[in-house]
Amino acid sequence: MSADILLWSVTAAQAMLVVAMGCYAYRLIRGPRAQDRVLSLDAMYVCAMLLVLTMGIRTGSAIYFEAALIIGLLGFVSSVALAKFLMRGEVIE
Amino acid sequence: MTHAAELPAWAALLTSALVLVGAGLALVGAIGTLLFRSFFERVHAPTLGTSWGTGAIVLASMVFFSVLGSRLVVHEILIGVFITVTTPVTLMLLARATLYRDRAEGSGSVPARPAQRAGGGRDDGNGEDGR
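Chains as they are written, first to last, in my numbering: chain A, 1 to 93; chain B, 1 to 131.
Hints in this document: simulated from the structure, not taken from any laboratory. Predicted model only: the values in this text are computed from it and were never measured. Ideal placement from N, C-alpha and C gives every residue a C-beta, glycine not left out. One or more of the hints may lead you astray.
Said to hold, decoys possible - Only some residues are given here: those of chain A computed to face chain B with a beta carbon under 10 angstroms:
1) Met1
2) Val10
3) Ser40
4) Leu53
5) Thr59
6) Ala68
7) Leu82
8) Phe85
Stated by the list, open to error - Per the computed footprint, the stretches of chain B lying under chain A, defined by three or more beta-carbons under 8 angstroms from a beta-carbon of chain A, are:
9) 8 to 19
10) 23 to 31
11) 35 to 44
12) 58 to 67
13) 105 to 113
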């Protein structure tokens with residue numbers, strides 16, 4: 001019984017996260033300017049990280065934690081690099 | 001989902017509620033990104049998902065693995081702290097870059113750059129007024 005509740009709520013949460021990623025993808029494609037696209041990409045990284053974490057709850061395996069940590073790290077680095085590029089036109093000066 | 005069969009009911013309910021709250025906050029933030037009109041409003045929306053959206057899902061994961069393994073599992077805090085620290089840095093850099101770009105192309109939607117102080121710090125051209 002409790003496992004069923006958990007299964008359904010995790011499935012619903014994953015569906016919500018996928019819809020959120022869809023919203024960000026729309027903004028990524030449509031977004032009027034470059035900074036909207038960078039913002040959407042950053043938020044999509046966070047959504048993907050949350051999706052991996054809920055996948056870890058679903059399967060009960062701890063390996064997903066490392067994957068989520070790496071996704072969060074790479075998302076930060078790439079977003080900072082893109083913001084820097086928007087500011088200066090080059091990433092490393 | 002056979003691994004969760006021995007999970008007590010209170011832990012399953014708590015994990016379910018936290019996961020749903022976290023994903024719901026992330027979804028609300030994403031919808032906000034679609035609805036807001038200007039970039040400077042839109043830059044606030046994803047922080048719903050990065051503050052308590054992440055916090056709730058990380059808490060759910062901690063509760064789940066702690067009860068399942070019958071020992072305290074707290075390494076998920078690492079993700080929560082990391083996201084909490086890095087999101088403001090990213091978004092502030094992005095907002096400053098946007099301000100600089102808007103001023104550089106002379107769109108009237110952002111306030112003009114305030115006059116430089118007499119002493120004048122270094123002018124790094126990013127639109128900071130050096131307060």
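Now for the hints, and whether the structure bears them out:
no.: 1; hint: Met1; result: holds (7 angstroms)
no.: 2; hint: Val10; result: holds (6 angstroms)
no.: 3; hint: Ser40; result: holds (7 angstroms)
no.: 4; hint: Leu53; result: holds (5 angstroms)
no.: 5; hint: Thr59; result: holds (8 angstroms)
no.: 6; hint: Ala68; result: holds (6 angstroms)
no.: 7; hint: Leu82; result: holds (8 angstroms)
no.: 8; hint: Phe85; result: holds (8 angstroms)
no.: 9; hint: 8 to 19; result: holds (count 9)
no.: 10; hint: 23 to 31; result: holds (count 7)
no.: 11; hint: 35 to 44; result: holds (count 3)
no.: 12; hint: 58 to 67; result: holds (count 5)
no.: 13; hint: 105 to 113; result: violated (count 0)
Going down the numbered hints, you'll see the structure goes against just number 13.
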